[in-house]
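Student: Below are the chains, spelled out letter by letter.
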Amino acid sequence: MYIIVVGGGRLGYYLLKALLIEGHEVLVLEKDARICKTITDEMGSVCYRGDGCEAATLAEVGTGRADMLVAVTGDDEDNLVACQVAKHKHNVPRTIARLRNPQNATLFKKLGVDVTISTTDLILEAIEREVPTHPLTHLLTIDEKGLVIVDVKITAESTTVGKTVKDLSLPKQSNLVLIIPGQGNPRTPAASTVLQEGDQIIAVTTPESEEALRNALSGI
Amino acid sequence: MKIIIMGCGRVGARLASLLDEDGHDVTVLDVDTYSFRRLPSSFGGTALFGNGIDEEALKRAGIEEADVFVAMTQGDNRNVMSCQIAKHIYDVPRVLCRIYDPLREEMYSALGLETISPTKVFAQLFKEKIEGSESK
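Protein chains in written order, with the numbering used here: chain A, 2 to 221; chain B, 974 to 1109.
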C-alpha cells in the first residue's frame, strides 16, 4: 500500500518506521527542514518537505494514487484539513486523523474523515481496563454498525447476583455474548443462567444503551 | 443581528467595531486577551477569551443563537475548522471564512463554505491599480 503520513513528529517518525518494516510504501510530509533531514539521513528518501494541508504539495507526492493518508500532526485543525484535501482533491479512499481533543471525533466523522484516533481516549480505555472495580469497560467499537462490545463485571455489590438472565430487563439492541466466571470455563449465556459474583459478561450494545445495560447487569 | 467574530487582529477588530457601530450584537473571540487592545474604547460588544475550534468556547460566545459567524484568525486551518463547526454542528445561517491560500479557498468554496481569500483579492486589487495608473 502507498501510505502518506502528514507530520514527522515523534508519532509520525515511529509510525513511518513501523509501516516501512511492514513493507508498505510510505512517505512522510513535514514542514520543518531539520526534521526532514534527520528522517532522510536515517531512512533514505521517505520524507518530503512541505505542508501536507496544501493541495499542491499533495499533488507533487502523487497523492492521487495513495491508498491511505494518516494525519498525525499535533494540531487537530491541521489534521482535519489534510484529510479533507486528500479526500476531496485527490480522492484518497481512506483517511485517518489523530485527535488531541476527543470531542472532535463527531465533527471529523461528519466532515468525511474515515477514522479518528484520540490518544486521550486510548489511554483512558487502558486505565478503565486496568481498574478492576470499574463496572463497564469498552472492548471494541464497530463504527459502521453503531455498536460497541463491552465488558461488565458482576461484583459483590451487584444486586443481580443470583438472578437468572431471563430476569434481567436488558435495553433494546443489547445482547449478552459470553459469561466468563471467576472460576471455570467461559460459557454462552442461556435464559436460565444464574449470575454469580466475579462473573465477567461480554455484551454487544449501542453507545446510547451503555448506561442502561450497566444498570440492568450490575444494578449499580 | 448576533455576530461572532473569531480572531481579534487588525481586520477582526475593525470589523467588530464597524458592526458594533451599526447596532449589531457583536462577540469577538481570541486566544490572546492582549489582542483586545485593538478594540476601540467605545466598543459595546463582548470580547471573550477562547479558541474558536473548541465547542465549549463557541457555546460561551453564544454560537447557538448566532446569525453570523466570521473566522478571521491567521491560521487557514483554524478558520476552516471553526467555520465547519459553526455551519455543520450549530447550523449558523451565515458563515464567512478567511482563507489565505487560494487553492484551499477554492476547495472549501466548492465544499459549500462562503470563503474569501485576501491573497487573491489584494493581488487583483493591486494589479488593477498598477495597470489603471499606467494607462492614464
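To be clear, the hints were calculated from the coordinates, so they are not data collected in a lab.
Note that the structure is a prediction, hence the values are computed from the model and not measured.
Among the clues, some could well be false.
Capping the alpha-carbon separation at 30 Å, the derived lysine-lysine pairs in DSBU-like fashion look like this [what the hints assert, rightly or not]:
| hint | chain 1 | residue 1 | chain 2 | residue 2 |
| --- | --- | --- | --- | --- |
| 1 | A | K146 | A | K173 |
| 2 | B | K975 | A | K111 |
| 3 | B | K1060 | A | K110 |
| 4 | A | K111 | A | K38 |
| 5 | B | K975 | B | K1100 |
| 6 | B | K1100 | A | K111 |
| 7 | A | K111 | B | K1102 |
| 8 | B | K975 | A | K90 |
| 9 | A | K146 | A | K90 |
| 10 | A | K90 | B | K1060 |
Student: If a hint holds in the structure, say so; if it does not, say that too.
Tutor: Taking the hints in turn, this is what the structure says about them:
Using a Cα cut-off of 30 Å, the hinted pair A/K146 and A/K173 holds, with the two alpha carbons roughly 15 Å apart. The suggested pairing of B/K975 with A/K111 holds, with an alpha-carbon distance near 26 Å, which does not exceed 30 Å. The hinted pair formed by B/K1060 and A/K110 meets the criterion: a straight-line CA distance of about 15 Å does not exceed 30 Å. Between A/K111 and A/K38 the alpha-carbon distance is near 36 Å, which puts this suggested pair outside the 30 Å criterion.
Straight-line distance between C-alpha atoms of B/K975 and B/K1100 comes to about 36 Å, which puts the hinted pair past the 30 Å bound. Distance check on the hinted pair: B/K1100 and A/K111 sit about 40 Å apart at the alpha-carbon level, beyond 30 Å; violated. For the proposed pair A/K111 and B/K1102, the alpha carbon gap of about 43 Å is over 30 Å, so the pair is violated. For the suggested pair B/K975 and A/K90, the alpha carbons sit about 34 Å apart, so the restraint of at most 30 Å is broken.
Pair hint A/K146 plus A/K90 holds up; C-alpha atoms about 28 Å apart against a cutoff of 30 Å. A hinted pair counts as satisfied when its Cα atoms are at most 30 Å apart, and A/K90 with B/K1060 qualifies at roughly 21 Å.
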